Amino acid sequence: EAGVAQSPRYKIIEKRQSVAFWCNPISGHATLYWYQQILGQGPKLLIQFQNNGVVDDSQLPKDRFSAERLKGVDSTLKIQPAKLEDSAVYLCASSLEERAADTQYFGPGTRLTVL
Amino acid sequence: AQSVTQLGSHVSVSEGALVLLRCNYSSSVPPYLFWYVQYPNQGLQLLLKYTSAATLVKGINGFEAEFKKSETSFHLTKPSAHMSDAAEYFCAVSEGIAGNKLTFGGGTRVLVKP
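Taken in sequence, the protein lines are chains A and B. Last residue of the first sequence: number 115 in this note's numbering, and the count goes up by one each step with no gaps. Last residue of the second sequence: number 1114 in this note's numbering, and the count goes up by one each step with no gaps.
There's no promise every hint is true.
[To be verified] Sample of chain A residues at the chain B side, in silico, Cβ under 10 Å:
no., residue
1, Glu14
2, Pro43
3, Ser95
4, Gly109
These are computed hints drawn from the structure, not numbers from a lab. Predicted model, so just to flag it, every value in this text is computed and none were measured. All C-beta atoms in this analysis are idealised placements derived from N, C-alpha and C, irrespective of residue type, glycine included.
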């Protein structure tokens, strides 16, 4: 079974530039998550989708971050404009459903460096 | 609101020695608890999870964890450390009423000495 795919793996940009990350979840998984992991910290949920609808985006900085999941499969996360404090690893995860006991499967992440 | 505290950001153990990673949680409802491992430049991999069945949970790679409600703890152990256990470990909690949003602890990095 193929895992969660993410691209690119690494990205370096200047502050105020824009950047986009792509995620392809495990086939058949209805729920998709984007997490931000700052160096030395645990992942923090940014946004959760159930199919193509948003379940939770309470911690997404909506003035600069946006995400979409068209057709309920792939998802993109965008930052515009980027700030220095956005430097982090962005992890995508998916689960079969949004039940509390469902395992979330993580992709390898995209490491973003903002200069 | 749910929260997780992992005591010790770094742990050093000798190969063959006991590995003990501590996790305490705060939750207003019976929680679901998870331990994940992260190897360098990789995503998180599930080690084990507690979902209100047996309080002693066995996971992959010889790890196990015990849910203790009275202590609000879910400590992770492995009887004998192997060099391949060097990684970062994260404890996480999910509250059923809020879907399956995971709240993670700050992580514990394990160093295994030969």
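_Numbers of unmet hints, in rising order_ = 1
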